[in-house]
Amino acid sequence: METKIKSACETCAHFNAEGLKKLGIHTDDFDFVVALAGNPNTGKSTVFNALTGLRQHTGNWPGKTVTRAEGGFEYNTQKFKLVDLPGTYSLLSTSEDEEAARDFILFGKPNVTVIVADANRLERNLNLVLQILEITDKAVLCLNLMDEAKRNHISIDERTLARDLGIPVVPTSARFNKGIPELIQTISDIANGTIVCKPHRIKSVPDNIDRAVKKLTTEIEKEFPGIPNSRWIAFRLLEGDTQIINALKSGELV
Amino acid sequence: MTTYNPISALILFFVIAVLLFVLFRPIKGWFWILKKNFGSNEKTIIEDILKQLYHFENSGNKVDMKTLVQVLGFNHTRVVDAIKKMTINDLIYFESDILKLTDTGREYALRIVRVHRLWERYLADKTGFSRSEWHDRAESMEHVLTHDEAEQLSVRLGNPKFDPHGDPIPTKTGKVAQVNGVELPLLPVNSIGRITHIEDEPEVIYKQIIAEKIHIGSLVRVVENNATRIVFLSEGEEFKLAPIVAANLTVAPIENEVVVEDNIARLSSLDEHETAKIIGISKESRGESRRRLLDLGFVKGANISIDLMNPLGEPHAYLIKGTSIALRKDQAAKILIKRD
Amino acid sequence: MNKKNIDSIIELSNELRWQIGDDFHDNLTESIYADASEIVKDTVQSDTSNKRFRLDAKIDKIVTSKAFGFPIMFLVLGVVLWITIVGANYPSSLLANVLLDTIHPALKNGAASINMPWWLSGFLIDGVYLAVAWVVAVMLPPMAIFFPMFTLLEDFGYLPRVAFNLDALFKKSGAHGKQALTMSMGFGCNAAGVVATRIIDSPRERLIAIITNNFSLCNGRWPTQILIATIFIGAIVPESLSSVASLLAVIGIAVLGMAFMFTVSWALSKTVLKGEVSTFNLELPPYRPPRFWKTIYTSLIDRTLIVLWRAVVFAAPAGAVIWLISNIYIGNETIAAWAIDSMDGFGFLLGLNGVILLAYIVAIPANEIVIPTILMLTVLVTGTSGGAGAGVMFELDSMNATGDLLRAGGWTLLTAINLMLFSLLHNPCSTTIYTIYKETKSLKWTVFASIMPVILGFVVTFLVAQIWRLIF
Ligand SMILES: Nc1nc2c(ncn2[C@@H]2O[C@H](COP(=O)(O)OP(=O)(O)O)[C@@H](O)[C@H]2O)c(=O)[nH]1
Ligand SMILES: [Mg+2]
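Protein chains in written order, with the numbering used here: chain A, 1 to 254; chain B, 1 to 340; chain C, 1 to 472.
By construction, these hints were calculated from the structure, which means they are not laboratory data. Warning: the hint list may mix true and false statements.
What the hints assert, rightly or not - Cross-link-like lysine to aspartate or glutamate pairs, in silico, EDC-like; alpha carbons within 16 Å at most:
#, chain 1, residue 1, chain 2, residue 2
1, C, Lys4, A, Glu219
2, B, Lys172, C, Glu11
3, B, Lys84, B, Glu95
4, B, Lys43, B, Asp81
5, A, Lys203, C, Asp35
6, A, Lys109, A, Glu252
7, C, Lys61, B, Glu272
Construct all of the structure, not just a fragment, from the sequences and the given hints.
Structural data, given as structure tokens:
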């Protein structure tokens, strides 16, 4: 396990408050692209606003308020462009929102994907988390709404969670700006390769599907050596996703 | 404005309104009927004849001119003209009185069947039309789609092999897959199978099956099988069918051990303060709505209970995986549960 | 990369897809959730597992109860509308005072002092400026009050409960419970209501909500309704009842709008929209205390200003057109007079008149300027004294004077009633039409949503006019 998880305090020490500058919507010539994904109503826009200093509309309402927002911040002289994706429950269906989110993670190739999850409903949120981890291996889980979780007497063992998922986990209460410095530090570490993730891959797949997937991944990897998400492409091919088929044909995927 | 008086204006208005209604009301409007009769050109007639012949030959029946005119419902002379033309073009030939397809004719017929079944698949998976409408809509679409469009559609649907009734969709090259399975009455008591096909002819029997909650892809377990009736369980309901009705269901026996749960209930029957476990989603729910339910966490094994009753009776909100999600009655009726 | 290999990969996937069968999606989702629950098992501890959190459950029990659910909803909607209408009065008249009564004459004087030609100052100041100023004065205050209140309710988490309570009603007409909210939003502004339909994620129900949003009487139309009802309906009952009667008439129109909304929704779902995919889901999120100032700020920026900006952009050219048609002569008649003349016959059939029809045509950009345009045109064709000159919209300070002017223009009680009906049932304003196009990305649905209400309006006013004339 190469993942280095630092406890919250450790990271605080690392965090260089001086090095942070919120850039608002001025995102010219950035060094890294960061995507914000997650279920609806988990606080993505709140995290986005906390990071960029912008005031995107946030609403306590699962449904799209805005389609896609961009902003930026600068940390230790590196510029990060942040993209707030529409909230979705899954990336497996075909609704407009899901396609937008999926396309950005897959084709936009963000340097880091921040997955915002509701700490009160982790199991439900993991559905999306596990799907994203099949697509990208540069991700961090932002365990948001920790204040509510505490009020509801829910406690989460972040270390074990990080180990199980194979990516860093940062607990936050974005509304109160708690945990945001740690999140920035982690984003920067992943972008710069200081943290290397080894993401969880879906395990409990039935045998007949697993066999089919293995056959396909072997073929895909033969054609595109070193591709990080061959298994996910196999899943999509088995579902008959025309967009992925076309992307495969045009070579957009690599 | 000299001739104006409110009564004549009103009368004129109602005459126009009635006229528009008679002409354009859905399906039975005169305009649509006329359009169907006069608008259906020779191509449509030829293609319908080919398709009919194909189905007749497949089921081992012989057709002569008279039966054909009867089944098609087109004007007699137009059918005769079309047949003349088809013989000249080498699509069909006569064996004494009996009409037969040539190889080219059969190929052409398969193409039409392919488009028809693809379109039904499309309607079932990607639109909101109810299953009683699929067939009629496909009937008119099969004459419209070009070869290329059909191919694109097929790719978009993931090159399906079966239509929503379980009938095989002929491939581009005219190959037809075999429906896998046996007629339900041949399944011994206590064996388990999956419904792979529902025969839609004759219509009386088909209607009877459609009226029941019997769906393609669902598992059945036979509990009683004798000359007078066949009793089986599927998705928690018990069905009793006469053997000739049951014979219209094709079922693929399942060898390896699957558990078909007893005591399955529907989520819609859950009461406040009861808890249950989800067994699955009925095969009746398909396409986008099925995916939504799955994405929202209505998966096998999940615990569920009622969170909020609705003052108007529906939708109730259900507590699932920590979140309160409201479902309408018809949706809840498609979720299979087992009470704790 | 080798094209042939890729094709064979795709071929292989097609083959495998049919080997593993239909249940792939089910199986995959189940496996993901299986992994998820395993992970959760060793990482999450909670002593209230599977119970919704106490306070939330308590609030929910009340706001969705049989006894209180509906009263609370109507109370909240009533209070919001009341605060909007009453609260907007003062800032509106202040703005009108500044923009219309102070700046406008000042601009005219300024133009005169630099010897600007009359047609240029007329075109720019009486046409473009006045229309924009009018729209801002009438539109801004109610929106700036309505939207923040609505957004606060949204942030608190109450709105999904309203959708939950009302869904059964909307389901009967083939619509989604969330349409209750886009409809309410439409009471503020139809363009904003159309944008709000994004919360409905089922394609069919979303289209229904977009197309029928226009049946919600918007802020731009409330003042028209109130004015006409006060002048004409209030006058037929004893003095002491007049304000109650006119209030009831306006509410009646709004309720009629809802009736049309339900009926048209039902008809759409049974006919043209039958084939669109329909799914339903409604998540009830936890209650959260809204962040007051932040919410007010974002709702002003996101909703109010964007909509206002669009309205201004459309109002400017409309002002120009209004001025031009009243000042350009063909023969010895203005274009306006000529158009009014040719539409008078049709207007009469509908129980309206040419002035009203022309006003609705040129005032497509904003319902706010319909009344001022009608007054200006009435002065123009009747030649009565008063008004501010050809092409210069105005409003009169006293209701009586307005009533006298309109009666001089040939208005009767029937004209007033039918104007109120037509103000409810006509094409959406151009801001809304544009928004519908942006949201549906379909010319077909935009055209349909624009034309269907006018046709309904024609039919309804026509029938009312004929029956009225038969009876009286
Ligand atoms: N208590 C609390 N509320 C939060 C936190 N983060 C977000 N929220 C609230 O959660 C709601 C949804 O947030 P939003 O950013 O719009 O979520 P999105 O839909 O994922 O973009 C809003 O009402 C926020 O104020 C948090 O850390 N603690
Ligand atoms: Mg958001």
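_Violations among the numbered hints, reported as their numbers in ascending order_ = Result: no hint breaks.
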